[in-house]
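**Student:** So for the sequence shown, this note's numbering puts the first residue at 1; every next one is plus one.
Accuracy of the hints is not assured; some may be wrong.
Said to hold, decoys possible - Derived BS3-like pairs: lysine-lysine, alpha-carbon spacing no greater than 30 angstroms straight-line: (1) K190 x K134; (2) K108 x K93; (3) K66 x K93; (4) K78 x K108.
As the list claims (entries may be wrong) - Here are the in silico distance ranges between beta carbons for each label pair: (5) Q140 x L228: 17 to 23 angstroms; (6) K66 x G173: 36 to 42 angstroms; (7) Y180 x N155: 34 to 40 angstroms; (8) N155 x E85: 15 to 21 angstroms; (9) E85 x Y162: 40 to 46 angstroms; (10) D105 x T197: 15 to 21 angstroms; (11) T192 x E146: 26 to 32 angstroms; (12) S184 x T157: 17 to 23 angstroms; (13) P103 x G173: 38 to 44 angstroms; (14) N155 x K93: 30 to 36 angstroms; (15) L130 x D73: 30 to 36 angstroms; (16) P91 x N195: 42 to 48 angstroms; (17) T197 x L228: 26 to 32 angstroms.
No wet-lab data here; the hints were simulated from the structure. Since this is a predicted model, take the numbers as computed values, not measurements. All C-beta atoms, glycine included, are put in the ideal place defined by N, C-alpha and C.
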Amino acid sequence: MTRDYSGHRSSLRDSSNVAMRYDAYGRPLKGQSTGMPGYLKFLLGFLLPYVVINGLVLMFVIASPKITSDDPDTSDYKTANISVEIDSLLPLKEITASIEGVPVDLVKDGRKYHATVSNNGVLEITARSLNGMKQVAHTQINLLDETAPSIDENNVTIGAGYVEFTASDDQSGVNWDSLYAVDSDGNNLKPTDVNKTTGQVTFSFATPSITVYVSDLAGNQVSANFNLT
């Protein structure tokens, strides 16, 4: 009996076109694709994109500005200048500044903002980004001279027609050129001697009393009255 295997061989050839080819030991021949495992397809096709996209969304939702400021600086002890830099992932919606509740103007210069304050206190800067998140920074301003000079009344010498005292100022310093006095007759007097190193000041006068005026470089002034009797 003769059997026809031609159809069977044809079926095998057809299936071999789509099936994997193996060597004599049953291992897939090199260079053939074994296909991507299901877990890897899930990881790369769904889980990883899901994590990345949601991470980016979360980052934009919670991103808040970052505020950095330079140390305050002054040239006259009357006003202080401070520079502020704001880094924000999103555009800023608003930025405000105040010192002890009083608004302070901010001048934009590139990525920086500049503020000028005229009194000591806590400078508060608030930056709010487009997503509503905000950051608040505080800077202590204490370098402005708001205190008048001092006259050491425990170190005063009053003699016949003169008075000596010591003046000092711990911040801007005494404005020695501004020293003057008014005697009891209303005459304006300038000091007869000033020792800027020790702070000792001498006034000569011929009336029963004298009032001296001492100012610092920030314009603060103190006065003291001295009597011969």
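**Student:** State for each hint whether it applies.
**Tutor:** Okay, the hints, checked on the actual structure:
1. K190 x K134: 57 angstroms, violated
2. K108 x K93: Judged against 30 angstroms, a Cα distance of about 14 angstroms means the pair holds.
3. K66 x K93: 14 angstroms, holds
4. K78 x K108: 22 angstroms, holds
5. Q140 x L228: 17 to 23 angstroms: 47 angstroms, violated
6. K66 x G173: 36 to 42 angstroms: For G173 against K66, whose Cβ atoms are near 38 angstroms apart, the range 36 to 42 angstroms holds.
7. Y180 x N155: 34 to 40 angstroms: 20 angstroms, violated
8. N155 x E85: 15 to 21 angstroms: 48 angstroms, violated
9. E85 x Y162: 40 to 46 angstroms: 57 angstroms, violated
10. D105 x T197: 15 to 21 angstroms: 41 angstroms, violated
11. T192 x E146: 26 to 32 angstroms: Because 31 angstroms falls inside the window, the suggested range holds.
12. S184 x T157: 17 to 23 angstroms: For T157 against S184, whose Cβ atoms are near 19 angstroms apart, the range 17 to 23 angstroms holds.
13. P103 x G173: 38 to 44 angstroms: 31 angstroms, violated
14. N155 x K93: 30 to 36 angstroms: 59 angstroms, violated
15. L130 x D73: 30 to 36 angstroms: 32 angstroms, holds
16. P91 x N195: 42 to 48 angstroms: 60 angstroms, violated
17. T197 x L228: 26 to 32 angstroms: At 28 angstroms between Cβs, range holds.
Consistency with the previously given hints fails for numbers 1, 5, 7, 8, 9, 10, 13, 14 and 16, ordered from lowest to highest.
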